[in-house]
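Taken in sequence, the protein lines are chains A and B. If you number the first sequence the way the working numbering does, the last residue is 178 and the count never jumps. If you number the second sequence the way the working numbering does, the last residue is 312 and the count never jumps.
To be clear, the hints were calculated from the coordinates, so they are not data collected in a lab. All residues carry an ideal CB built from backbone N, CA and C; glycine is no exception. You may find that some hints are simply not true.
[Stated by the list, open to error] Far from chain A, by Cβ distances over 12 Å, these chain B residues were calculated: (1) P246; (2) S247; (3) V250; (4) G299.
[Unchecked claim] Now the stretches of chain A that chain B is said to cover, found in silico as 3 or more residues with beta-carbon under 8 Å: (5) 30–44; (6) 72–79.
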Amino acid sequence: MVPAPADPQPQTLDHRRIPLRTLLPLVALGGAVGALLRFGLGELLPEQGMKFPWTTLLVNISGSAALGLLVGVAAVRTKTPAWVVPTLGTGLLGAYTTFSTIIIVLLPSVPGAALDSLTTVTYVSPGILEAGAYLMISLIFGTMAAAAGLVCARGIFGYLGQDAERRAAGRGGTGGPS
Amino acid sequence: MTTTVSLAVVLGIALGGAFGAAMRLLLDRYLRGGVLIANTLGCFVLGFLFGEFSVLQAEDATMDLWIPSEPVLAVVAIGLVGALSTFSTVSLRVAQLWMDGRRGRALFTWTSHVLCGITAGVLGVAVSGMQALG
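Construct the entire structure; sequences and hints are all you get.
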């Protein structure tokens, strides 16, 4: 693999520079692994009988933190091959984390939607306040975890101190091949 | 939805995960707001699957409806739908927007995903056989 040029727009989950025929199998493979990881964690911590899918919350928060770290480290270490972030980010972590489950638990609480029978098959019927709280916890802590991952990556592998910009500018090869 | 672990279940989830992630990649690559579309689609299908599942649970629902068995529904929900929809891509994007000071945009991103997701989920349940129960 040819090393990626320095990222002109650092810290993004960009995959458009890589040809699809290379990327598609890699992302599919990452997706298979990510889905199996989520399934495996669900077997270890079964959500059956839980009022809310807490295992899914754990998955989403840990996956967000990992994606923040991945993208942050790749932005600092510009020699990271271009396929690494899309394969692990879009593929593995994208499939590991999930959005549809956290929406499904809200549905029995949607006013006027008459989805009461769903409560027998999803999680124990929560009130609308509790369901809203679960959603807010997911969104806020998930976003904070991603931000923490980005910042930690820069702090550990790059520079975060007072003279961070000067040291980053002095770092060799920042500009990359142009 | 739960399922017992078997080779078929593991293969089904892996295959579904591969297809779901590949579909999301294609949507994200060629469409504006592709991740939002993937998540909305995921919520629709999951709503549909849960609707079908609740039909299976109901005792008197064994009419002439053809519904996949519970393990099949679970494997599709965990593998294909779980991987098609994503959380981390969105949370990372929102975190970046927020740290860049584009906070309105950050809030709008989560809001649009949640509203589209709920709407699609309700529609998915409605499309499933639930109405047949009366």
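So, going through the hints one by one against the coordinates:
1. P246: holds (14 Å)
2. S247: At roughly 14 Å from the nearest Cβ of chain A, S247(B) sits farther out than 12 Å, so the non-interface label holds.
3. V250: Holds: least Cβ distance 15 Å, greater than 12 Å.
4. G299: violated (5 Å)
5. 30–44: holds (count 11)
6. 72–79: violated (count 0)
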